[in-house]
Each structure stands twice: as C-alpha cells, then as structure tokens.
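Chain order of the listed sequences is R and V. So the number in the working numbering is just where the residue sits in the first sequence, counting from 1, plus 29. Residue numbers are given in the working numbering: position 424 of the second sequence equals residue 414, and the series is strictly consecutive.
Hints are computed from structural coordinates only; laboratory data are not their basis. We put the beta carbon where it would ideally sit given N, CA and C, even for glycine. The reader is advised that the hints may include incorrect statements.
According to the in silico footprint, chain V covers these stretches of chain R (three or more CB under 8 angstroms from chain V) [unchecked claim]: (1) 55 to 69; (2) 225 to 236.
The calculated label-pair distances, taken between Cβ atoms and stated as ranges, are [as the list claims (entries may be wrong)]: (3) V:Asn141 / R:Thr179: 49 to 59 angstroms; (4) R:Lys57 / V:Arg119: 27 to 37 angstroms; (5) R:Tyr92 / V:Asp200: 42 to 52 angstroms.
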Amino acid sequence: MSAPMAPPRESEVTEDPLTAHPLGRPIKGPSALGSDPKRLWHLTWALAKTEFKLTFFGSALGYLWQLMRPLLLFGVIYLVLSKSKLATENHRPYYGAALLLGIVLFTFFSEASGGSVSSLVNRENLVRKIEFPRIAVPLSIVITAMMNLTLNLIPALIFLLAAGGSAQWSWLELPLLALMLALFTAGLAMILSVSYVSYRDVRPIWDVVLQMTFYASGIFIAIAGLAPLNVLGVEINLSHVLMANPFAAILQQARHVFIDHSYPTAASAIGGGWLIAIPIGIAIATLVGGFFLFDRRAPKVAEQL
Amino acid sequence: MSEPDPEPVVVDGVHKRFEIPREQVSTLKEKALHPFRRSPTDVLHALRGVSFSVPSGEFFGIVGRNGSGKSTLLKCLAGIYRVDAGQIYVNGRMSTFIELGVGFNPDLPARDNAMLNATMLGLSPREARRRFDSVIEFAELGDFVDLKIKNYSSGMLVRLAFSVMIHVDAEILLIDEVLAVGDAAFQQKCYEEFERIRRGGSTVLFVTHDMSAVQRFCDRALLLEHGRVVELGDPEHVGNRYLELNFSLQAREAELLAAQAEDERLAAEGTTISTPRLASSGAPVEALAGAEPGAPKRDGSGEAEILELWFENEQGARAELLPTGQRCAVAVRLRFNREVRDPLFGINLHNSHRDHLLSASNLWSEPHSGVFAAGEEIVFRVSFENVLAPDRYHATPAVATQGGAWIDRRERMDSIVVTGTHGSDALLELPFDVRIERRARSGTAAELTL
Chain R
30 MSAPMAPPRE SEVTEDPLTA HPLGRPIKGP SALGSDPKRL WHLTWALAKT
80 EFKLTFFGSA LGYLWQLMRP LLLFGVIYLV LSKSKLATEN HRPYYGAALL
130 LGIVLFTFFS EASGGSVSSL VNRENLVRKI EFPRIAVPLS IVITAMMNLT
180 LNLIPALIFL LAAGGSAQWS WLELPLLALM LALFTAGLAM ILSVSYVSYR
230 DVRPIWDVVL QMTFYASGIF IAIAGLAPLN VLGVEINLSH VLMANPFAAI
280 LQQARHVFID HSYPTAASAI GGGWLIAIPI GIAIATLVGG FFLFDRRAPK
330 VAEQL
Chain V
-9 MSEPDPEPVV VDGVHKRFEI PREQVSTLKE KALHPFRRSP TDVLHALRGV
41 SFSVPSGEFF GIVGRNGSGK STLLKCLAGI YRVDAGQIYV NGRMSTFIEL
91 GVGFNPDLPA RDNAMLNATM LGLSPREARR RFDSVIEFAE LGDFVDLKIK
141 NYSSGMLVRL AFSVMIHVDA EILLIDEVLA VGDAAFQQKC YEEFERIRRG
191 GSTVLFVTHD MSAVQRFCDR ALLLEHGRVV ELGDPEHVGN RYLELNFSLQ
241 AREAELLAAQ AEDERLAAEG TTISTPRLAS SGAPVEALAG AEPGAPKRDG
291 SGEAEILELW FENEQGARAE LLPTGQRCAV AVRLRFNREV RDPLFGINLH
341 NSHRDHLLSA SNLWSEPHSG VFAAGEEIVF RVSFENVLAP DRYHATPAVA
391 TQGGAWIDRR ERMDSIVVTG THGSDALLEL PFDVRIERRA RSGTAAELTL
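Whenever a hint applies, use it, and build me the whole structure from the sequences.
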C-alpha cells in the first residue's frame, strides 16, 4: 500500500458507466450565448438593473448627478461657442438642443464602450465562480447606458421645446437610430471587454479613441462645412471621411429627424447616395466581428483572468 | 419505463490542461511590435483522464491535496472551464456553489442581492420572487431585509448566501468547501440542511479537505492526486489513503511517477510537459506537506556530532509512517570528535502543535554511559510503545555533558507521521477497554466502565 503503482482507472473498470446507462446532456463549458436564451436575457437584465440601481440609490441625488455630467459639459461648450466666432459659421436653428443631443448621445457611447472595457475583469468573481452566458457582461453595460440615455434625453427634449421646436412625426425614427447606435456600441463592447482580458493597454488606447471621437464627430462643430484636406496633391473631403464613423453618421441623422430638418441627413452629409452604406457597413461589421471574436474567446476567459 | 434514466453525472476520461506562457504579453503594444513571436508556454496538466459516474441521490465526495485538481474538476463539471478531452454528461438541473453569495454587492439591500444571486444561480426572476420570503425566513433575517448588506455581520451574510443556495432546488449540487465559514451553530444548521438535501434525493458532489465531513456525509468518495483518480469508493478507505498521501513522501513520489508516465504518453501526442510541482496556491508541494520555514537550530560544543536520525517500525525497519498502537523506535547515529566521558543522550518529540510529548534519555537509567574515543561512531535508540495520536511529530536529538552543557543538539532534526484510522482529538491514543454492564432495573440502567 505504501507505493501503489496500480493504474488509477482500474477501479472504474467494474462500473463502466458509459454502457450501463444512457447519457444526460453533455457539458460543453462556457460560451458567449449559453444554451438558454431566456436565461441570457434574465441575467443580462438583472445585471443591468443592479448597475442602474447602484448609480441611483448610491446617493439621494442619484438622478441629478447622472444629469449633471452632460449638462455641465453642455453649459461650458454652449457658453463659449455662443460667444465665439466659430458659432456664427455653425449657426443653425436650435443649436443648443442639437449640441445637447450630441453630448447626450456621446455620453451614452462613451459610458457603454468605456464601461465595457474592464467589465469582464471587474466581474471576475462571477466569471470564475459560475457558469453563465459570458456575453451578458458587456451587454448589461450597454443596457445600463441605454437606461441612462433615456433619462438624459429628457432635458434635451425640454431644451428643444423651450427653444420653440415642435413635435414631429420624424421623431419616430429616433428609437431606431438609438437601437442602431446600441448595436454598434454592443459590438465594440464585446471587442473591448474580451481584448482587455489579454491586453491591459486597451484602456488608455480606448480613452484616446473616445477623445478623438468627441472632437471628430461634429458634436459641437458641424463637420459638414470643413475645408478639404490636401494630402500629397490628392484632395480629400474631410467631412465625408469623418462621416464614415457610424457614431457621427447616427448623430447627424438624429439631428435631422429630432431637432430640425434643416440639419442635413447622414446620407447627404457623407456625399450622397450609396456612400451611406459605408458607416452602416462598419457598424454591422463591428457587431458581427465583435460577436465572433467574443464567441471565440469566451470559453477561455475564466482561465485567463 | 424500460429504458433507465441517465445517470445524473457521468465523467468520461476528462483531461484539462492550462497553458501558462513563460513571458506574459499583456499589452497590445508588445503584440504589435512582435506580432509573430510566440512565447513558449508551460503546460500544466490539471486533470489527466478522470472518469467516474455518480448515481442518482448519491452524496459524492471529491478529496485531494492542494493542487491535486479537485477544484478544476468541479469547475469543469460546472461548465466554467472547457475540458480539453473527454466528456461530461449531466442529467438534471445543476447548481454550482464554488463560493457563497456570488455577485453580492455591498451597496444593495438583502432583497436585491438575493434576487441577483438567485438569478445567477439559475432561477427565473419570477421563481426568485416567489421564494424570497422563504429565503429570508431560513436565513433568519426578517428584520434586515432592507438593510444594505455592507452593514451585515459576516454571519448574516453567510446565512443569506447559504439560504439562497439551498432554495435554488437543484437536482445536482456542486459544492466547494463553502461550509468552512460561519459559527458553530450555523455550521450545525448547514449540516442539518445537508442531511435534508440528502434525504430529499438530490445528487451532491462535494469538494473538500475535511475528511470528517466526507466520512459523515458521503456515500462514496474520490481521491485525486496530480489530476488522476487514485482511489474511488468507500469514504473510510479513501480517507486513509488521503492521509497517507498527505504525510508520506514515498506515496506522493509514487503518484508523481505515475503522473509523469501519463505525461510522457501525452507528450507522444506533441505537447510540452511540466509536472505540477506547484500547487494551485503557488506554494511548492513540499512546503505544503509539513516542512516548516526557517532552518532548524543547532547548538553544542562540537565534541560530538549528530549525523543522522531515523524512525523504526515494529520490525526494526526504517519507516516513514508509524501506525499508532505498535512498538517503534527513534535511532540516532553520532560521531565523537574528541574523547568524552559519560555523555547523556536524549530525544524529545513534539507534535505539530509543539506539545512536548516525549523526553527520553539515559539520565536516570544509565547515567554512566562510559568513555567514547575520538572518531568513534555510535547509534543510540529509544524504543517505546507508540500511543501517539495521528499527527506529524518532530524529533530533537541531543548529546550533553553530565553537567548539562550541549555537545550537539539538533532541534527538529527530522519528523515522522503517525497514522491511525480513528482520530479522537486526544494527544495520545492510550490503550483502553470499554465495558458496559447491565444492572437490575431498580438502579441506573447501565454503567460505563472505562
């Protein structure tokens, strides 16, 4: 007994579980989606709701704080721009409401994508201790940001109506645009969260990208009127290039349908016609590519954390 | 039904390995600078062809030392890790309890946490709501439902988490040593709940170090070492084997060899191998096995030198393990560097709690041991009836002058493990008889004579 060298599986031979009984369902290990869509939804919703509650019940002024950030940013930019020369060139009706809409949408975009970067790592105790569809983690971040977006749109609406704007049928397009933005952001959230597990410099890189997006998507300066850029003798229409960014295109279209029809549609801002397929294509590719990347990496995430 | 139901859990030849890169590339920058450099990886085989099945309603224990792969096995069963080879089949609703209160958020009240936790464990929101009152009742937290759990005592937290866990009503429960928490009264409650679960016909897989819990609850147990099944069956038998692995270097080495043989077989399939010399906690296996930090102390004039110490069993052969209840001996070999007259030889034994249990010397029996010449080598031997309780014992041999000055003393020079089948918490296993005598009805019903 002191030095047993007998093969360990000998004790099983008498049992042979595989022939005696039929088999149950196989355990395949973790995956992005899991096998039960209902469970995925319950989980995502529960996680999103918890996160939402935390911002609101953390302090008595929860909702106010949530509004403060975009409103303060709006206040500063509005004050400065309305007194600057830039503003005269960018003047369109309801500029204030358009600016606030831009800031609110960008707040959503940065909250959802920025928040998802470390989401898997932050929820390490869940990922390593329990089996659940892994995609619930980044999706819940996007859904929480959607809840905040809904609340943040209220002051934008008030601002628009106070400035003399009126309700239009085209507002009905806004939820559709919000959904498109959410799907594009969800694609990014999947890529970012799963990349951050292996590469920790995703965080600073993404912060820079977000900052660039803030200045380059026409949030406070219309990009439609930018002068062309001359690179090695080739003239490039900068505003068309910037419109290829799905966020910029969605914002442009949202202003057209929500604020005033004098804001050009995304299609005309990018140079008309089929060119609008570029930002749409990028958004779809981000979503699909993000999902495939996440799906491929999901089974190993628990081991890499 | 002519066709029998599938077994709740069937594990068939499961392999799991972890690839640990020697240099961790953790930034995109490095990846971009060296896109094609693949850093060499160490492969750690956590599970090597594990197979077993658990019939319905069985309470099945999984035991093993640190780093033996038992938690990895549980995580594979739970679907947290993907297995590299082999299959796991499960029949029935399964819940995993690797940690109590997964996803608890300190800033939320008990209500929200219980709901979230229950959803994580697999209940639908409606089911969770319906069971909420019963969860709170079991946890005895009725007055604190709306208190943020950061203000809970640790005992209250554990009660809440455990209560959610048992209300999930899983048919198969995977439990990883969650019971090592809470006060004695709560543990008792947990154990009672375990009994209830057991009677209720759920199948339970229970990972633990605690052999007494295994012997108390488990119908069968599985012993893992280096990711291989070493023993499967009767908990008593598995328990003894576990003790042996814990305390016998020889038995561990045998298992290591067997594991390496398995690795070589796998290496033929083209993977680099490193044997899991490191336990999951990162501490070397040897360190976990009882050796203590710090070099042993040594005193003395050096007129004689203690060279070697060993233990002998009943047959007089050198032993690594001594069964309790048999005669045994401690022997010490030493060499004199100068002529010494009438030295005293002694040995002290201490258990793992440093209780002093034996102090043997020739001081009273034979103080005039004689004259020993320079260069002379002797062996002195202390033999005794082994009534020591199962534990690890350290021996401190010493040679001293008649006046009491150390010539050589080597503190905790070596150690031995005493094994026994029934631990009693007593320091010694003194031989005893128990007799029960029935008396006439008028007096006391029975009398116990020790």
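Which hint numbers does the structure go against, in order from smallest to largest?
3
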